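Here the structure of chain A is known, so what remains is to put chain B in place on it, guided by the hints.
Residue numbers (my numbering), protein chains in the order written: chain A, 1 to 374; chain B, 375 to 639.
Hints are computed from structural coordinates only; laboratory data are not their basis. Source: prediction; values computed, not measured. Ideal Cβ placement from N, Cα and C applies to all residues, glycine included. Hints should not be assumed to be uniformly reliable.
Unchecked claim - Just some of the chain B residues that point at chain A, by a computed CB distance under 7 Å:
1) Q439
2) S448
3) T451
4) P452
5) S531
6) E535
7) V556
Said to hold, decoys possible - Derived SDA-like pairs (lysine to any residue); straight-line CA-CA distance at most 20 Å:
8) K554(B) <-> Q84(A)
9) K263(A) <-> P505(B)
10) K554(B) <-> K231(A)
11) K231(A) <-> E314(A)
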Amino acid sequence: MAALDELERAYRQSRRDRDFKAELNAMLKDYAGRPTPLYFASQLTKHCGGARIYLKREDLTHTGAHKINNALGQGLLAKRLGKQRVVAETGAGQHGVATATVCAVLDMECVVYMGEEDVQRQSLNVFRMKLLGAEVRPVASGSRTLKDAINEAIRDWVTNVDTTHYLLGSALGPHPYPMMVRGFQSVIGKEARKQILKAAGRLPDYIVACVGGGSNSIGIFHPFLNDADVKLIGVEAGGLGIASGKHSARFSGGSIGVLHGTKSYVLQDEHGQIRETHSISAGLDYPGVGPEHSHLMETGRAQYVTATDNEALEGFKLLSEKEGIIPALESAHALYYAAKLASELSKSKIVLVNLSGRGDKDMGIVAKALGVKL
Amino acid sequence: MNRIDAFFDTARRSKHKALIAYLTVGYPTAGATLEIAKSLIDGGCDMIELGIPFSDPLADGATIQRASQHALESGITPRKCLEVAAELRKRVDIPLLFMGYYNPMLHYGLEKFCAASHKAGIDGFIVPDLPPDEGSEAEAVMKKRGMDLVYLVAPTSSSEERLKFIASRAQGFIYVVSLKGVTGARSAISNDLDEFITRVRSVTDKPLCVGFGISTAEQAQRVARLADGVIIGSRILDIIEKSKRPAADVKAFIQEVRTAIDSKR
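In isolation and in its complexed conformation, chain A is listed as follows:
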């Protein structure tokens, strides 16, 4: 708790600190490649035959996903706290790669915990992290996926708290993490808001983003929360379908619980044990969801829907074929839903999709799912 209090103080101070903000903004601009473009997907729009679809191109950031925004913010904060060692969890490996990258450039020691199952299905990212100088520790306990990696990262943190910062990658975990991660990811929505006003002369009618822990979605949603006419839609991983029980859709199949220091919607069994989840995309394969999403769901400000593995694959192929952009499987969930939504809307409407990451890391999984031997 003392470390969390210390972190909250440091984060709040950093928000008011000109030097910190200048340092972070310079890194976001010159190192991570911000602002990322807002792209009008004309071919996809034409194909869907309805609302205009815009993509916020987080896939074009350094390391290929929105994760770098938060990793840079927390990395610089860790430096301020005098922590020389960073631990992180990772699912798909995107947050692990972003953290390893930031630790390399800021000269910090980096240990990434990753579920054994994820280590196997994301071997390319494991290799990337190692190249960047990080130590990757496979986690063999529990379901051997993201939640277990978080368990191990927290265990490491409480053991080495004097020297170590826990660079949590999503808008979950104990306070102040959900607030802080939202803060560092809000750059997505702030940029997108300006860009869409410039490009279309008005705000979008819908914003669609995938929701794992919920960092890319809260990042793009947050600056639009007070714009009541902008409908916010989070897309969870429907896996093999809600009825199959093999999914990661907390709002369709979960209930309120406490996991990793947060009260939120959680997938759990009748005895309150955390359930194993499934998704074709490791980054959405988590039984809990950031608490602010639960709040947005309960107040009705945001709506949460699901896309199955197969639907995500369709979204994946669709964007690749129509726009020449290969999306991350996580983002493909949002794309599938957005395309479907756009096709049902009139041409005067605007749908903004957060393209949270690129799909290079998913080639092996997609090839396998499509029955292609590489």
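Using the frame of chain A, we list chain B on its own:
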């Protein structure tokens, strides 16, 4: 006065140090838990913590994780833990605590679970992922039935202000975490422990019981000189895991610890 308060009331007057043992319910079987609990008490244990297994035991090291996983796979549920507690209560009169994570209790229904625990003869709870900042509701529900919510203080929460806050909310006793880290037998006790206990002692006169990592009679003896009690968990599970006669071996170990902490040396 509940059994925990009554115990410390007497223990302090007679300078008796508490020996508290942890067992994961259902490791290796529910029957074994009852049998081993009995032998722990015969061996000189003053209080038993019954661990409710959880899928994600954040504060626990590999031993308790493994035991929990085993118990869950063999079908142990909070309901089953209540049955085991009720059965144990028929046989013994020492204080019994539930040690478990918050989510299964919450999911059962806090009020319902506390009522059922009370009926089963439970005197208190240790909930490692429920800090006092978030514990008011649980505290109130437990207090209503005369049960304690035991809070933990760790060297990681070591500002004086924080220690005072936790101590002010503590019921029954204060669970002093001996180290920075998770549960699990360790070869040595941290050198900073003496100072940490002194600092906790300076803000409260509530009983202090020390746990996490204590695994030998020697370590227990050292800790007992500094505090009001010693808590041993993972080491007992380690013995159960390896032994062919767990009840007898656990009893022998606890007797050795009892003798060590009672010795006047």
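Taking the hints in turn, this is what the structure says about them:
1. The beta carbon of Q439(B) comes within 6 Å of a beta carbon in chain A, closer than 7 Å, and the hint placing it at the interface holds.
2. Residue-level restraint check for S448(B) is violated (minimum Cβ-Cβ distance to chain A is 13 Å; threshold 7 Å).
3. At a threshold of 7 Å, the smallest CB-CB gap from T451(B) to chain A is about 4 Å, leaving the interface hint in force.
4. Here the hint on P452(B) is kept, as its CB sits about 6 Å from the closest CB of chain A, short of 7 Å.
5. Given hint, S531(B) at the interface with chain A, holds; its Cβ is 5 Å from that chain's nearest Cβ, closer than 7 Å.
6. Annotation: interface hint on E535(B) violated; nearest CB of chain A at approximately 10 Å, more than 7 Å.
7. A least Cβ separation of about 5 Å between V556(B) and chain A falls short of the 7 Å threshold, and the interface hint therefore holds.
8. Proposed proximity of K554(B) and Q84(A) is supported: the alpha carbons are some 18 Å apart, at most 20 Å.
9. Restraint check for K263(A) and P505(B): satisfied, since their Cα atoms lie roughly 13 Å apart, inside the 20 Å limit.
10. A threshold of 20 Å between alpha carbons decides the hint, and for K554(B) with K231(A) the separation of about 46 Å lies outside it, so the pair is violated.
11. For the given pair, K231(A) sits about 24 Å from E314(A) by alpha-carbon distance, which is inconsistent with the 20 Å threshold.
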